[in-house]
Amino acid sequence: MSTATQEPKTKSPGMWGALRQIPADIWSSVFRNPLPSNDLERSSTSFTNFFLHIHPVKVHKNTLRPIYTLGLGLMSLFLFLILVVTGILLMFYYVPSTTQAYDRMLDLRGTVAFGIFLRNMHRWSAHGMVAMVFLHMCRVFLTGAYKKPREFNWVIGVVLLLVTLFLSFTGYLLPWDQLAFWAITVGTAIAGYAPFVGKQMQFVLLGDTTVGQEALLRFYVLHVAVLPVVLVLLIAIHFWRIRKDGGLSRPEAAPGPLVKVRMELQKKVYGLQGFVRGPFTKIGNVPDESVYSWPNLLMAELLVLVLTVSAILVVSLLFNAPLEQPVNVMHPPNPAKAPWYFLGLQEMVSYSAFWGGIGVPTIFVLLLLAAPYIDRSPKGVGKWFARERLLANTIFLTLAVVNVIFIIIGTFFRGPNWTFVSPF
Amino acid sequence: MAEASKAPDKKEDVSRRRIFSWLASVGLFGSAALAAVSDWLFFKPQVTYGPSARFAIGKPDEFPPGTRISRDVERVCIVREGNRLAAISTTCTHLGCIVGISDTGFSCPCHGSRYDQDGTVTGGPAPKPLPWFKVTLAPNGELEVDKNTQVNPGTYFTV
Amino acid sequence: MRLALAIASFVVLIVHGVVFYNQFFHRWEQHQTAYFEQARSLSKNDAERAELEARSPRVEQTIVTSFGDTHVDRCTTCHMAADDPRFAGHAEPLKAHPYSAAMGDVQRNGRWERRHKFSDFGCTVCHGGQGRGLENVYSHGEDEFWPEPMLGYVTQATWRKDFTPHLKGKEYMEANCAQCHTAEDFAGTPHVNRGRKLFYAMNCYGCHKIDGMSEGTLGPDLTEVGHKFKIDYLWESIVEPRANLATSFMPKFNLNDADVESLVIFLKSRRGVNFAETTLDRYKAHIANVAVVIPPGTAGEKAGEQLIADRACTACHKLRDKDGGIAPDLSYEGLIRDNAWMMDHFKNPRSRVPDSIMPTFRFPEEDFTRISSYLQTLKAPPPPAATAAAAYKELCERCHGEKGDGNGKVAWYIDPSPRDFTKAGFMNSKPRDRFVASIQNGVGGTSMPPWKNVLKDEQINGVLTYVLTTFTKEPQREVKPHKVPQQNPVASNKESIARGEGIFLERCTGCHGRKADGKGPNSLDILPHPRNLRNSWFVDTVPDNRLFDSILYGVQGTAMPSWIDYGLTQENVGDLVNFIRSINPKTARSQYARN
Numbered sequence: 001m002s003t004a005t006q007e008p009k010t011k012s013p014g015m016w017g018a019l020r021q022i023p024a025d026i027w028s029s030v031f032r033n034p035l036p037s038n039d040l041e042r043s044s045t046s047f048t049n050f051f052l053h054i055h056p057v058k059v060h061k062n063t064l065r066p067i068y069t070l071g072l073g074l075m076s077l078f079l080f081l082i083l084v085v086t087g088i089l090l091m092f093y094y095v096p097s098t099t100q101a102y103d104r105m106l107d108l109r110g111t112v113a114f115g116i117f118l119r120n121m122h123r124w125s126a127h128g129m130v131a132m133v134f135l136h137m138c139r140v141f142l143t144g145a146y147k148k149p150r151e152f153n154w155v156i157g158v159v160l161l162l163v164t165l166f167l168s169f170t171g172y173l174l175p176w177d178q179l180a181f182w183a184i185t186v187g188t189a190i191a192g193y194a195p196f197v198g199k200q201m202q203f204v205l206l207g208d209t210t211v212g213q214e215a216l217l218r219f220y221v222l223h224v225a226v227l228p229v230v231l232v233l234l235i236a237i238h239f240w241r242i243r244k245d246g247g248l249s250r251p252e253a254a255p256g257p258l259v260k261v262r263m264e265l266q267k268k269v270y271g272l273q274g275f276v277r278g279p280f281t282k283i284g285n286v287p288d289e290s291v292y293s294w295p296n297l298l299m300a301e302l303l304v305l306v307l308t309v310s311a312i313l314v315v316s317l318l319f320n321a322p323l324e325q326p327v328n329v330m331h332p333p334n335p336a337k338a339p340w341y342f343l344g345l346q347e348m349v350s351y352s353a354f355w356g357g358i359g360v361p362t363i364f365v366l367l368l369l370a371a372p373y374i375d376r377s378p379k380g381v382g383k384w385f386a387r388e389r390l391l392a393n394t395i396f397l398t399l400a401v402v403n404v405i406f407i408i409i410g411t412f413f414r415g416p417n418w419t420f421v422s423p424f
Numbered sequence: 001m002a003e004a005s006k007a008p009d010k011k012e013d014v015s016r017r018r019i020f021s022w023l024a025s026v027g028l029f030g031s032a033a034l035a036a037v038s039d040w041l042f043f044k045p046q047v048t049y050g051p052s053a054r055f056a057i058g059k060p061d062e063f064p065p066g067t068r069i070s071r072d073v074e075r076v077c078i079v080r081e082g083n084r085l086a087a088i089s090t091t092c093t094h095l096g097c098i099v100g101i102s103d104t105g106f107s108c109p110c111h112g113s114r115y116d117q118d119g120t121v122t123g124g125p126a127p128k129p130l131p132w133f134k135v136t137l138a139p140n141g142e143l144e145v146d147k148n149t150q151v152n153p154g155t156y157f158t159v
Numbered sequence: 001m002r003l004a005l006a007i008a009s010f011v012v013l014i015v016h017g018v019v020f021y022n023q024f025f026h027r028w029e030q031h032q033t034a035y036f037e038q039a040r041s042l043s044k045n046d047a048e049r050a051e052l053e054a055r056s057p058r059v060e061q062t063i064v065t066s067f068g069d070t071h072v073d074r075c076t077t078c079h080m081a082a083d084d085p086r087f088a089g090h091a092e093p094l095k096a097h098p099y100s101a102a103m104g105d106v107q108r109n110g111r112w113e114r115r116h117k118f119s120d121f122g123c124t125v126c127h128g129g130q131g132r133g134l135e136n137v138y139s140h141g142e143d144e145f146w147p148e149p150m151l152g153y154v155t156q157a158t159w160r161k162d163f164t165p166h167l168k169g170k171e172y173m174e175a176n177c178a179q180c181h182t183a184e185d186f187a188g189t190p191h192v193n194r195g196r197k198l199f200y201a202m203n204c205y206g207c208h209k210i211d212g213m214s215e216g217t218l219g220p221d222l223t224e225v226g227h228k229f230k231i232d233y234l235w236e237s238i239v240e241p242r243a244n245l246a247t248s249f250m251p252k253f254n255l256n257d258a259d260v261e262s263l264v265i266f267l268k269s270r271r272g273v274n275f276a277e278t279t280l281d282r283y284k285a286h287i288a289n290v291a292v293v294i295p296p297g298t299a300g301e302k303a304g305e306q307l308i309a310d311r312a313c314t315a316c317h318k319l320r321d322k323d324g325g326i327a328p329d330l331s332y333e334g335l336i337r338d339n340a341w342m343m344d345h346f347k348n349p350r351s352r353v354p355d356s357i358m359p360t361f362r363f364p365e366e367d368f369t370r371i372s373s374y375l376q377t378l379k380a381p382p383p384p385a386a387t388a389a390a391a392y393k394e395l396c397e398r399c400h401g402e403k404g405d406g407n408g409k410v411a412w413y414i415d416p417s418p419r420d421f422t423k424a425g426f427m428n429s430k431p432r433d434r435f436v437a438s439i440q441n442g443v444g445g446t447s448m449p450p451w452k453n454v455l456k457d458e459q460i461n462g463v464l465t466y467v468l469t470t471f472t473k474e475p476q477r478e479v480k481p482h483k484v485p486q487q488n489p490v491a492s493n494k495e496s497i498a499r500g501e502g503i504f505l506e507r508c509t510g511c512h513g514r515k516a517d518g519k520g521p522n523s524l525d526i527l528p529h530p531r532n533l534r535n536s537w538f539v540d541t542v543p544d545n546r547l548f549d550s551i552l553y554g555v556q557g558t559a560m561p562s563w564i565d566y567g568l569t570q571e572n573v574g575d576l577v578n579f580i581r582s583i584n585p586k587t588a589r590s591q592y593a594r595n
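Top to bottom, those sequences are chains A, B and C.
For reference, each letter of the first sequence is one residue, going 1 to 424 in the numbering used here.
For reference, each letter of the second sequence is one residue, going 1 to 159 in the numbering used here.
For reference, each letter of the third sequence is one residue, going 1 to 595 in the numbering used here.
Next up, chain A with everything else stripped away, as it sits in the complex (with noise of 0.2 Å):
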């Protein structure tokens, strides 16, 4: 500031003027541009800005219709941003340890301002976040959103259900309840099933041969450290392909009248030099689809996340997360039930312990890996329960739903010693 103050003696316009005009220096110096008002300041806004950069300086149209995407991709990005945020600053008040992680949750409720709002927040969106991530994979699906140029982002996104999966599993351990050591415990058994590596995997994952103190610092740092590095390199991943790929699905485009865009100043070509391999972005020689993604693209992310916020913030005030008895090793709950998203498998394996907890997850997600590879009909892309892809909707929609009824029969209607009950 001192400096600052020295310079405008040079200069004309007198101290007065200089001093007022150093908020408005420092403003665009550090936002290279106004709030634009035309295309050309659209452009640079969305290009010149390092959060925005992320975005094509235009999106196609079809990017745009909330009844396409829904926003689900969106929604499970903000609601992992929630968690970053409210998992950091639990963490200052978390110790992984088994004498004190559950007196800690406690303190959340008691002594530590916010502590339980925050502490269901992070609940709560971790839920929300394997939801939306399942049902963006859904929409994926039947949009047929995941063939060429896009099939291995697809397989990305399986990645990272199953990542998601694990981090919202190994996070369900830390408060060290009733509810955590007994879903844990299951959990693990399931994995154990694994032929050849299944028991060495599990003795690995809990570090001892039971849940114990051991399990609770590797899966503290699985949660807090390891799997969140991975999720957010594969979330960029995931992002840059989806630009590269040329931006997000969409039906194959009308043949219609061939309309050259003038731009407002065509002077330059500023900034598109081929970056996007897709075809709308190239100027001048196809049917200007696209809109400029700020404001419009822009606007509706901040809705998105406006929702997403709002809804868990309801959510958190009027649900406290569980908090169950403090762990008793002698003591099983009955009957003992994994998380609910891996309660479908638990049901299964109340069948066929190998076949339930393994061979069928496994095969589910190898068909999911190489669906984008064994679909390779270029037909149906971008439209919802495309006329021409029945077959593979048909498929997809029955494991869905009878995955989501095995988790609903796990989850309520299945009593003390997994026998069946009316939850009515």
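Be careful, since some hints might not be right.
[What the hints assert, rightly or not] Subject to a maximum C-alpha distance of 30 Å in a straight line, what follows is the list of computed DSS-like cross-link-like pairs (lysine-lysine):
{"no.": "1", "chain 1": "C", "residue 1": "Lys409", "chain 2": "C", "residue 2": "Lys519"}
{"no.": "2", "chain 1": "C", "residue 1": "Lys515", "chain 2": "C", "residue 2": "Lys423"}
{"no.": "3", "chain 1": "A", "residue 1": "Lys61", "chain 2": "A", "residue 2": "Lys148"}
{"no.": "4", "chain 1": "C", "residue 1": "Lys403", "chain 2": "B", "residue 2": "Lys134"}
{"no.": "5", "chain 1": "C", "residue 1": "Lys409", "chain 2": "C", "residue 2": "Lys456"}
{"no.": "6", "chain 1": "B", "residue 1": "Lys59", "chain 2": "C", "residue 2": "Lys318"}
{"no.": "7", "chain 1": "C", "residue 1": "Lys430", "chain 2": "C", "residue 2": "Lys483"}
{"no.": "8", "chain 1": "C", "residue 1": "Lys456", "chain 2": "C", "residue 2": "Lys473"}
{"no.": "9", "chain 1": "C", "residue 1": "Lys480", "chain 2": "C", "residue 2": "Lys515"}
{"no.": "10", "chain 1": "B", "residue 1": "Lys59", "chain 2": "C", "residue 2": "Lys515"}
{"no.": "11", "chain 1": "C", "residue 1": "Lys379", "chain 2": "C", "residue 2": "Lys322"}
{"no.": "12", "chain 1": "B", "residue 1": "Lys147", "chain 2": "C", "residue 2": "Lys515"}
{"no.": "13", "chain 1": "A", "residue 1": "Lys383", "chain 2": "A", "residue 2": "Lys244"}
{"no.": "14", "chain 1": "C", "residue 1": "Lys117", "chain 2": "B", "residue 2": "Lys59"}
{"no.": "15", "chain 1": "C", "residue 1": "Lys168", "chain 2": "C", "residue 2": "Lys252"}
{"no.": "16", "chain 1": "A", "residue 1": "Lys199", "chain 2": "C", "residue 2": "Lys519"}
{"no.": "17", "chain 1": "C", "residue 1": "Lys95", "chain 2": "C", "residue 2": "Lys197"}
{"no.": "18", "chain 1": "B", "residue 1": "Lys134", "chain 2": "C", "residue 2": "Lys44"}
{"no.": "19", "chain 1": "B", "residue 1": "Lys147", "chain 2": "C", "residue 2": "Lys480"}
{"no.": "20", "chain 1": "C", "residue 1": "Lys409", "chain 2": "C", "residue 2": "Lys423"}
{"no.": "21", "chain 1": "C", "residue 1": "Lys44", "chain 2": "B", "residue 2": "Lys147"}
{"no.": "22", "chain 1": "C", "residue 1": "Lys318", "chain 2": "C", "residue 2": "Lys409"}
{"no.": "23", "chain 1": "C", "residue 1": "Lys393", "chain 2": "C", "residue 2": "Lys423"}
{"no.": "24", "chain 1": "C", "residue 1": "Lys430", "chain 2": "C", "residue 2": "Lys322"}
{"no.": "25", "chain 1": "B", "residue 1": "Lys59", "chain 2": "B", "residue 2": "Lys147"}
{"no.": "26", "chain 1": "C", "residue 1": "Lys379", "chain 2": "C", "residue 2": "Lys452"}
{"no.": "27", "chain 1": "C", "residue 1": "Lys44", "chain 2": "C", "residue 2": "Lys117"}
{"no.": "28", "chain 1": "C", "residue 1": "Lys480", "chain 2": "C", "residue 2": "Lys452"}
{"no.": "29", "chain 1": "B", "residue 1": "Lys134", "chain 2": "C", "residue 2": "Lys95"}
{"no.": "30", "chain 1": "A", "residue 1": "Lys383", "chain 2": "A", "residue 2": "Lys148"}
Since the hints were derived computationally from the structure, they do not count as laboratory data.
Here the structure is a predicted model, which is why all the values come from computation and not from measurement.
Based on the hints, put chains B and C in the right spot on chain A.
Showing chains B and C alone in chain A's frame:
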């Protein structure tokens, strides 16, 4: 705001949009401000698990006249002369070692600071005399020392 | 869209506001403010008043490290006046904790001094509740997930309503006193002391283990029971053992409320390592309780009949109108078992019935003598029944069941299971003589007693006819005797036994088990269960020809196949029989269980 150029004739619409945008930013920035204040409250611990600054040391009878007892956990020396009682800090004012009780007062094992029986510096690098803490009698009849409140050296609590 | 955005933003803002607002209006802050105000009006000097004026609400806590894990008790955050005698007459939460000579508080110079200083003990060690909680529902333990609600004050929402009237009152706090005050005659814990005596007197120790006090293995380990279970759960488990676990076979002891209460309080005090209890203390208690297991004054004075009542034998057994519904009827014991059988059975129930579930009780020898001599007096046969059906109902139905399907009231607890008369395949493949013999002489090593002293021969015939016509239904056919040797033709020697063992391991272990104890991997799915071939009392009563018959031609109506169809020859069976006989030596039989 941005679409203003596209719809110059719909003035009312534009102003409606402006109002909504403004309301939305009030909501969001207001929340952000509240969240920032909340974060500060969140980070400031309401309870600590270390030794408490305010603690009971026992009944006056436990300290007969002439007592000089150093309580190393709480780092105070309880002094009783006649029916007068005081609590003198045993944290060296130089670099925070625990001073020991010697015949002439206190001496620090770390860098040789020496204090007299009232905690006044008599030698060594110590910059300040040892502080005295407030002693009160709690309703249950026990003496309480409050390390948050310093009193002037020589201020005794009369039993 | 912007409208939606604006609305959603305001939702966010409102939630932020609500959460923020809630943060500043805790109940405990109001309590503290009230305390400061009232203390100010009570205080006598200005300095104190000024100090109170300056204090602002904050979370107060006591950190207690004396009892194993670190306890953090924040009770004084609301109960600020707990140690301020000026507030003795105030209402909760600003009420001073009363002084009580019974708790060891002493009065010196007109001032009370506490024996248990709050700064050393905290609050929850005695009262229960959740020390870290700052809202009533949590701190008082009303939250259903907190295992230790404030004893004597709070019932949890999930508690059974019909128990809650019993579960109030401060005497439950004794359970917490007894965590440290484990002395058997400690005056402050009368219920716990009574409960401890009941634990021995009512034979709980026979089935349950409490580290250092008892070694029972039939029931769950109760070493840490007070730590694991809520008080209503304990009550329920004693009053209705099957309420929590449908498969529990713990008997209903039908105790009165006062006894249940004492037992519950005693159990609540068992928390694994009790704070003041050293290993040596528990060892001493153990020795003491081994030597004197009955409340003083009962041994040597009361007759066997009284002992049976005191020792709760009828919690399982039946004696006249008292029926525990688990173990056999003792009403005609004098006609059924002799003194030697009974003494063996008392000292080790599995010495005579190798698969009995009856625990080994450590009563003094003279008690056993007394009980057995009392039981020997039960020689009055039942009044002759008018019909065979009535006799069956009186004597047989308890095990063999109303429908004769071997599924009587106590059948579940009896091993080997009572015979199922409805299996015509079995009933028709055996000669009538054998059934008569079984009824007359009983079946060795099982719970089937000899009835010959209870029923006359024609009554036995009548019952048997009744059973065969009513339950088996299919008319008895002439049994064609199989061609089996009367005596085992193969001489018993090492080689033969080794060959027999080889065949047994190859063919028989799937059902009869590798230990030949009838507990093979398939045994649970088979009814009747495979025979325990180490049950010497049974095996010795079975002659060679019956073993040959059963092995070679199978046992109809059971899972035992006819091994002649699977290639076993008479010589093979001879080896097998030698092997079976070899694991049931004739000597030193009654002393040890061979399971």
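Numbers of unmet hints, in rising order: 4, 6, 9, 10, 12, 17, 19 and 24
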